[in-house]
Amino acid sequence: MLRREPKSVPAPVVARAIRLLRGLFLGVTAVLVCAMAQAEVSVVDDSGKAVRLREPARRIVSLAPHLTELLFEAGAGERVVGVVAYSDYPAQARTLPRIGDARALDLEAIAMLQPDLVVAWGSGSPKAQVERLVRMGFPVFLSEPDLLESIALTIERLGTLAGSERSSRLRAESFRQRLAALRSSTRGVRRVRVFYQVWGQPLLTVNARHVIDDALGVCGADNVFARLKVGTPRVDREAVLLADPDAIVIATSGDDGQTHEAWSQWRSLRAVRNGHLLTVDASLLHRHTARILDGVAALCRDMAWVR
Amino acid sequence: MSKATILDARTLVLRAGARTLICDLQLDVREGEFWCVLGPNGSGKSTLLHTLAGLRLADEGEVWLDDRPLRHWTARSAARRRAILLQGHSYAFSASVVDSVMVGRHPHLGRFGWPGEEDSACVDAALQCMDIAHLAARDVTGLSGGERQRVAVAAVLAQDPKLFLLDEPTTHLDLVHQVALFRHLSAAAKGEGRAVVIATHEYNLAARFATHALLLYGDGRTYAGTASEVLRAQRLSDVFGFALEECSDASRRAFLPQW
Amino acid sequence: MNRARVRVSLGAMLVLACASVLLALSSGTDGWSPQRTWQALTEGRSSLYAEVVLGLRLPRAWTAFACGGLLAVAGALMQVLLRNPLADPYVLGLAGGAGVGALGAMLLGIGSVGVMGAAWVGALMSVAMVLWFGRDTFVGRSSGAAADDPLRLLLIGVALATGWAALITLILALAPDASLRGLLFWLMGDLDGAVDFMVPLAGLIVVLIFTMFWARDLNVLTHGAQTAHALGVSVKRVRFLAMLLASCATALAVTTIGTVGFVGLIVPNALRLVFGNDQRFLLPASALAGGALLTLADTLGRTVVAPMQLPVGGVMAVLGAPVFMWILSRGYSGR
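Residue numbers (my numbering), protein chains in the order written: chain A, 403 to 709; chain B, -5 to 253; chain C, 465 to 799.
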């Protein structure tokens, strides 16, 4: 299983098989087309749509900070010509032209950059404007990573589109190895029930269709709100108390005022009694890049400590 | 002239912007008197009534109510002595007719007082008098213009003041109710220690019922006196700028426009 | 309305209000569980469930009740002050002022107490501006045309509110992404963080007691400033007090739960349609009914899709709009 469909209940096996077949078919087609015109590249993006370029992209615009980072990971860094606000990693990305932020894109600036590939974030980029870009004729690659594995996949796909397939494969492979190592380190341990707090006011958490849920799973922890249908659900504080998780994990990027103070008053909570109110680095875990494994490793250490 | 003075305007000057409406008016309203203020549109009738009621300060001169200047009265004690019917009363919210009339009892109730027997009797009498008892439970915002006007007048009657100040009370009223109202006011003026001052355009009704009249020319000039002295064809033609002719028989007197 | 009917109706509303609070206490993510709640309460604050009921549901229910009551009373006062049934607690731009204050504080990264303080400052600034620009309405002896026209006051308020709204839009546009979530959340209004319910509850009681002193004066004021003046009401003093009390009530509610709409507009109007426009009844009834409505809406909001939550303002509008339409279609029922 490579990926899960966003915004739907976990797909049944049949649907998954059909999607695999479709992917296979597209792959075969791509191979055939490649044979006819050497330079043409094609991948399937996370919305299931084929992105086909007559030749590897030279001028890439990234519409999300994590995608900028993944493009650099894929070895396509020098082909990135425009990025959105907060594209702060790696350091080279900071000097690139800014073409908007998560709320609004400067379509004019994007058009002036004459990109031959636009990389967008399914749930994070402004939808209407991305559709506009598609209508304007720019090839758009939609990324919506919902598993740790899909990060490796995205690196590979971006590498393919940018013509840096070899180096991107290497990066993806090392990512997979490191992930496998983390996974094997928690094999057979006692599962820990965790409440993961994305934000305190309003109280936000994640459901199963989220990379963070996958990260928790890798570390041998179970997200108490995995079954909710909304991606980033707002939950009732009472529901957290009644779930009485083994640990409460608070995501913080350091200066955003997210602390565990609000929880420490509930002395009946198992997590409070045992002192298992933890904080994790949101800037690592909430950004779907290779560095997420640093965050996952830290999370796994925390979970081991809770155990 | 032994009757007590209720309202006394001394060297009153009223202005509207740069215009002087009333200059140096002396007005002495005594108990038992029924005054009609007549004058063309914009001659200062409403302004005068507002000033006499204390809703507005005189530009010069002073108004006395009973034994002291109006500005020395608190709003509440003044409201127990005098009532004023304002023009163009509007109802912003739904309310029953009887509640809208009960508002007139406000100055007679304590801060936390609820209307008692006496207040209800006053309101009932006012409703009867204005012929709206059958509308008592209706919503004022759904009434016709004439009915609404009668509700507003009833509220003033329910206030049961010594001095009635009414600004064009017959607006929207049909002939029957116009006459009934004048008749009632004329009777009310004769009550103990009471007086009535109304602004009106009904010079014939005024001639029939008023004891005194005040003409406002709108340029500062005024003319006050007994009705029989003031309400003459020549003076009325003068003040309205339209020729009127007096017709009379043994018991009646009326003015007819000359056209 | 006579005194006996006022007593009966208010008694019925008090029962309704208590029922709404009890319902809020016994409902949660586990559905409606009065037995479990009762057990937890009789056992004292030892079990986790008791802690949930006493530590979360109780303050939340009382905060909802107090703020609903404050907003409804403020709405009723504003409607009388402006002689306009369309007025609501936010019509004079108070919420906008509070919003700008709070958002500014959040942008500067001040803690939650500072945000609350800044919201107060913003709200009071807005009130001060209304009082200053509309000073003819509130002070002085003359009752000229400008002084008697509540439309002027309304216009000042609407202009202010528009200004604040524009400022909020600008702040949101310039805010860094990370703080945006908190800002939007604050604007939406919510009861999640409600802990300190004593202040709004005490505020509601104080405001209600104060308004009751001038309740009949307010009745007279609905007939227009000059009529009220002629009937012995100190129009400007009563207006000033109504403005001040409504502003304090709104500011208290806004700083506690954010901008929750609907309750301040609909509750007084619905009560007016059913019971008539007597402030002696309308003000306490608004407090009880507004409180009950907000408590009910919040209880629904946190139980319908539990463990997730729905925004209380949305639930309330969905709940209240049809009821109001029904009352409106029945028409005015007299005394």
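These are computed hints drawn from the structure, not numbers from a lab.
Just to be clear, a hint being listed does not mean it is correct.
[As the list claims (entries may be wrong)] These stretches of chain C come out as covered by chain A in the derived footprint (C-beta under 8 Å, 3 or more residues): (1) 496 to 502; (2) 583 to 596.
[Unchecked claim] Cβ-to-Cβ under 7 Å is the rule here; a few derived chain C residues that face chain A: (3) GLY492; (4) LEU512; (5) LEU520; (6) ASP656; (7) GLN690; (8) PHE739.
No residue lacks a Cβ here, since even glycine has one placed at the ideal position from N, Cα and C.
Go through the numbered hints given earlier and state which of them the structure violates, listing their numbers in rising order. The structure conflicts with hints 1, 2, 7 and 8, although it agrees with all the remaining ones.
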